[in-house]
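So the chains spell out like this:
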Amino acid sequence: MIVYWLCFILFLVGLYGVITKRNLIKIAISLSIMEFSTFLFFTLIGFREGGVAPIVDPADPVKTYVDPLPQAMVLTAIVIGLATTAMLMSVIIRLYRKYGTFDIREIKNLKG
Amino acid sequence: MEVAISIITGLMIIGALYAIHAKDLLSAVIACGIVGYGLVICFLLLKAPDLAIVQIVVETITLIIMVAVVLDSSREERYLKPDPQGYMSIVTAVLLIVVLFYFFRLAAASLDVFGNSTLRMADAYLERATDRTGSANLVTGVVFDFRGYDTLGEATVLVTAVLGILTILRIKGKK
Numbered sequence: 001m002i003v004y005w006l007c008f009i010l011f012l013v014g015l016y017g018v019i020t021k022r023n024l025i026k027i028a029i030s031l032s033i034m035e036f037s038t039f040l041f042f043t044l045i046g047f048r049e050g051g052v053a054p055i056v057d058p059a060d061p062v063k064t065y066v067d068p069l070p071q072a073m074v075l076t077a078i079v080i081g082l083a084t085t086a087m088l089m090s091v092i093i094r095l096y097r098k099y100g101t102f103d104i105r106e107i108k109n110l111k112g
Numbered sequence: 113m114e115v116a117i118s119i120i121t122g123l124m125i126i127g128a129l130y131a132i133h134a135k136d137l138l139s140a141v142i143a144c145g146i147v148g149y150g151l152v153i154c155f156l157l158l159k160a161p162d163l164a165i166v167q168i169v170v171e172t173i174t175l176i177i178m179v180a181v182v183l184d185s186s187r188e189e190r191y192l193k194p195d196p197q198g199y200m201s202i203v204t205a206v207l208l209i210v211v212l213f214y215f216f217r218l219a220a221a222s223l224d225v226f227g228n229s230t231l232r233m234a235d236a237y238l239e240r241a242t243d244r245t246g247s248a249n250l251v252t253g254v255v256f257d258f259r260g261y262d263t264l265g266e267a268t269v270l271v272t273a274v275l276g277i278l279t280i281l282r283i284k285g286k287k
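Chains as they are written, first to last, in the numbering used here: chain Y, 1 to 112; chain L, 113 to 287.
Just so you know, the hints here were simulated from the structure itself, not pulled from any lab data. What you are looking at is a predicted structure, and each value in this text was computed from that prediction instead of being measured. Please note that the accuracy of each hint is not assured.
To be verified - Some chain L residues close to chain Y (C-beta under 7 Å, calculated; not the full set):
| no. | residue |
| --- | --- |
| 1 | ALA160 |
| 2 | PHE216 |
| 3 | LEU218 |
| 4 | LEU270 |
Here a beta-carbon is modelled for each residue, glycine too, at the ideal position from N, C-alpha and C.
Please build the complete structure, drawing on both the sequences and the hints.
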């Protein structure tokens, strides 16, 4: 059970970073930390004690396999995470070129 | 098994805390790499080799992009004096964390004990996936056959993201 709690604490660390930090790079890092904790949580749910990786070997059929469904979902999520991070970084590059800073307190034009 | 994964997750938490509090942005990005590569080891321990391969590639690419962005800049997180807005956001974060903690404690009661997954879909996939998809690797069987439309959507997201990045980086900003 302690693994689930540690995984949740990792998520909370990322959440704290997203809310309190004022630096765009730090916010991007915190977002990816939250992503990682979610991936870890999904894989933890699908694990079975004594299981092997879900690759079927016809020569040796009697085995417990770990659950393939959470792994398939995480596989999709990892690639989408890369796409969103790359997009976030490209927005950050544009903002840095225009304002010369990563600090969102100094990017005045974004204030509503 | 649970102890090993707990230790690595603890290291990942320390790496995450350092990444958030580091003064130098380059060390923050590298500390984010600790979390990502720690995740790779967790995947290997949890018997998910496909995920470990994908994660190690993705983490390397992410790290390269972030280092490229940071090296091009002043690399410092500028320190400004804490203002009321800063205190406000810390209070908000702590409140949110307390509330989430409470709800996770409620939800954790319905979780299976670690290592005793009782998800019903798993048995259906494990019994019939090899015959119905012809794939020895059940994960690819699920990704490309049972959840093929999901993967199509993922490809759409990727194309959209690439188009977005091209658009954002190509236009010239107003001076």
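Comparing the hints with the structure gives:
no. : hint   : result
1   : ALA160 : holds, 5 Å
2   : PHE216 : holds, 5 Å
3   : LEU218 : violated, 12 Å
4   : LEU270 : holds, 5 Å
The structure fails hint 3 only (numbered hints given earlier).
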